[in-house]
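2 protein chains.
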Amino acid sequence: MDEKNLDPPPHLETSDQELNLAPQVESAFDAEMWDEVFALTSNIHPADMADIIQQFPPQKRLRLVELLHTTISGEALSFLEESVREQILPLFTSAEVAAAIHELESDDAALILEDLQEDMQREVLEALPLEERISFEKTRSYPEYSAGRLMQREVVLCSPNWTLGQIIDSLEDIEHLPEHFYDVYVVDEDNKPVGEISLSWILRHPRRTQVAKIMNTEVRSVPVNLDQEEVAYIFQRYSLSSMPVIDQEGRIAGMITVDDIIDVIQEEASDDILKLGGVTQETSLYGNIIQASLSRFGWLFISLINCLIASVVIAHFEQALENFVVLAFLMPIVASMGGNAGMQTLTVTVRSLSIYNLRAGHVVSAIKRELSIAALNGLVLALILSSITLLWTGNLKIGIIIGLALLFNVLWSGFAGAFIPYVLHRINLDPAISAGPIMSTTTDVIGFALFLGLATLILL
Amino acid sequence: MDEKNLDPPPHLETSDQELNLAPQVESAFDAEMWDEVFALTSNIHPADMADIIQQFPPQKRLRLVELLHTTISGEALSFLEESVREQILPLFTSAEVAAAIHELESDDAALILEDLQEDMQREVLEALPLEERISFEKTRSYPEYSAGRLMQREVVLCSPNWTLGQIIDSLEDIEHLPEHFYDVYVVDEDNKPVGEISLSWILRHPRRTQVAKIMNTEVRSVPVNLDQEEVAYIFQRYSLSSMPVIDQEGRIAGMITVDDIIDVIQEEASDDILKLGGVTQETSLYGNIIQASLSRFGWLFISLINCLIASVVIAHFEQALENFVVLAFLMPIVASMGGNAGMQTLTVTVRSLSIYNLRAGHVVSAIKRELSIAALNGLVLALILSSITLLWTGNLKIGIIIGLALLFNVLWSGFAGAFIPYVLHRINLDPAISAGPIMSTTTDVIGFALFLGLATLILL
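Sequence lines, in order, name chains A and B.
Residue 1 is where the first sequence starts when you use the working numbering, and the numbers rise one by one after that.
Residue 1 is where the second sequence starts when you use the working numbering, and the numbers rise one by one after that.
Simulated from the structure, these hints should not be mistaken for laboratory data.
Only true hints are included.
Just so you know, same-sequence chains aren't split out, so a pair can sit in one copy or run between any two.
Dumping the calculated EDC-like pairs for lysine to aspartate or glutamate here, alpha-carbon to alpha-carbon at most 20 Å:
{"#": "1", "residue 1": "Lys213", "residue 2": "Glu179"}
{"#": "2", "residue 1": "Lys60", "residue 2": "Glu82"}
{"#": "3", "residue 1": "Lys192", "residue 2": "Glu218"}
{"#": "4", "residue 1": "Lys60", "residue 2": "Glu26"}
{"#": "5", "residue 1": "Lys368", "residue 2": "Glu26"}
Can you make the complete structure from the sequences, with help from the hints?
This is the structure in structure tokens:
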């Protein structure tokens with residue numbers, strides 16, 4: 001922490017500019033004003049440094065990093081998005097990476113180590129102290145997206161028999177103190193958590209107070225292999241600031257702090273949003289275009305198959321279309337409206353699955369709820385559409401046919417939108433990505449088949 | 001904090017059961033085993049109490065709340081979703097609500113006060129100490145979703161001339177200490193922030209250390225009227241644990257802690273997801289069905305208008321459809337694929353607007369990027385579709401026509417998906433809700449018009 005002269009209190013304008021230094025740096029860089037580039041990027045927060053690197057166009061990014069090389073801290077590297085970090089890491093020597101990693105907490109260090117290429121990773125690991133190497137190997141032994149991957153190994157522990165004064169004095173001796181921590185965990189002889197004390201509680205009680213007297217015995221903990229989404233749910237539900245992570249034997253293995261959780265929540269939400277929008281894996285604005293195209297092609301290709309299936313269904317009703325061309329004008333409506341209503345239901349269900357951790361008992365009530373909503377909106381829309389069709393075509397039968405087809409398709413979409421994501425969730429498929437295609441294929445096929453099928457039956 | 005016997009360390013199973021007590025409580029409630037209901041709900045975390053109340057079906061919920069009445073704390077009320085809180089608050093007397101609010105921090109107290117009906121609110125306010133009443137009026141004077149609404153007024157302040165020992169001693173005297181806090185703010189004579197010290201820094205330095213020597217002078221703060229989404233962005237970017245909120249004169253008005261921010265991030269993400277899925281305002285699984293239907297009807301009605309416009313466009317090409325019925329089989333493909341590609345682009349852009357706070361410079365590069373992706377995927381899909389169409393219909397011209405129409409519609413969707421949300425964002429409309437309808441109307445109309453128009457030109 002430095003002792004510079006105090007800045008004036010920040011205002012919206014200055015903070016806004018600070019949040020977006022990249023354009024200024026890029027102008028200076030383009031004009032080859034290197035001093036200006038250094039001046040703009042010296043003494044900035046590592047997060048700001050990471051932001052500048054990220055916002056630079058990929059083709060200029062490497063040159064910028066070469067230039068700023070020595071001023072990029074390990075912390076700045078840990079703030080980068082994975083795709084960008086992978087791009088720039090080869091510019092550093094293994095000694096530089098090892099030095100950068102050494103200053104980080106174990107969770108951030110693991111992030112960077114994982115993005116290194118294999119031989120580089122081995123070199124960096126060899127340059128690290130044995131203890132850090134073991135810690136990394138341990139972290140990597142936990143499943144991806146688990147509490148074990150998310151946690152840092154640096155924790156502050158104490159015994160229930162201590163006084164608060166002893167905790168405070170012990171902080172001077174602990175070698176790897178976490179940079180920020182909010183709670184001290186109280187453990188028994190086996191290192192199993194039996195309580196916790198927040199720092200603000202320690203500060204507001206006299207030094208002689210016994211830990212056991214004021215500790216919170218209802219300490220919540222999570223096992224190392226718990227999925228990060230579940231961990232985030234528990235943090236959020238109980239407004240926690242930190243939580244110990246325990247191994248199979250119930251001993252404390254590390255700690256997760258609330259700032260790690262913010263990233264998890266943001267990632268999981270982005271994931272759901274993008275997948276519902278038909279985009280997989282594209283979590284970065286800064287990745288390359290070929291990758292981005294591929295990540296979207298899959299869903300578009302499935303949509304194309306879906307459309308072709310729908311076309312084949314339509315072709316079955318050639319006779320009806322030849323006799324009544326007006327059916328061709330109207331038929332996209334039924335399919336489209338079913339798809340739209342289905343997407344609404346799907347979105348609500350997928351979001352509920354993420355936020356509320358829906359369990360077995362809920363699916364029946366969720367389906368009832370969605371069917372009721374579908375029945376209400378389906379009826380109103382069917383009446384409106386029937387009336388408009390009657391006015392337009394002057395054909396009462398077609399008006400009734402289209403209304404019925406719409407109503408049934410919307411009802412189907414209400415049922416499917418609640419049921420499909422739940423089933424996918426149960427069989428451990430990701431509802432956000434898999435439910436959309438199933439939904440739109442069925443609403444298209446059912447929409448066209450119902451409308452043209454009823455028309456064939458009634459009109460021909 | 002109680003001194004109960006220590007529980008065994010929690011495992012996944014127990015925590016899973018604890019997280020979902022509602023079904024057990026509901027069975028006991030249905031069997032009228034009131035003692036069991038009380039046993040299950042006594043000494044549980046307020047968040048668990050709130051969860052049980054929420055998960056109860058609306059028709060039984062009021063009876064449950066009447067039963068548990070005296071055991072529902074103010075904190076439990078603050079954990080409830082707004083729609084549920086509004087439903088149950090009338091069951092409490094104004095004295096009860098006042099007592100419940102009195103134990104809460106100012107931000108949570110304001111949450112509950114806001115959900116009261118007007119005369120009840122007046123009664124509760126009158127029952128509160130003058131100071132709390134003024135604090136609430138002040139909170140309400142800030143714009144909705146602003147930092148001022150989010151913050152709590154309880155903060156711990158010190159002077160740069162103090163020693164750490166003085167801070168610690170002062171904690172005993174402060175009347176309204178925040179229940180949890182992570183940082184102490186250092187202020188000048190005018191109450192303007194000049195630094196901050198995290199509690200862990202206070203604990204690891206000797207009592208005689210001078211505040212000015214170790215404080216972090218780069219304290220970030222936000223103005224009271226800043227939008228909560230911007231506040232969340234700053235928290236996340238710099239991994240902050242708390243941040244002071246300053247008034248127009250730059251004086252500290254309150255503090256926002258990271259646990260408030262988690263809720264903001266979750267809410268904003270849900271908002272984006274639901275709006276992209278065509279659902280407005282339905283943030284609750286527990287609200288009633290009529291409201292839920294209405295919140296979805298708007299988007300369905302707009303979709304219906306959109307479909308009807310597309311139908312009118314199709315009707316313009318009656319001649320082509322009568323001569324070549326195969327056009328009717330194929331025409332939904334072009335419209336659909338444009339819509340799907342557009343939804344992908346839209347989703348990525350809307351998410352980027354929320355996460356990265358995109359600013360002017362980015363839109364041009366975003367459009368370039370999206371057009372490149374659209375060109376790549378559009379070309380590949382057009383080739384596939386042209387070949388399939390040629391094989392199916394044996395008509396080369398129709399194959400070329402459908403390929404061209406698809407390519408142009410996908411290109412349009414790439415441009416529009418990046419441009420429309422940006423423009424809406426600039427004119428302060430919500431891109432997540434408004435961009436979808438614009439996108440799908442244009443891809444439908446352009447899709448049908450291009451395909452049938454080209455067919456009319458070339459085939460007739």
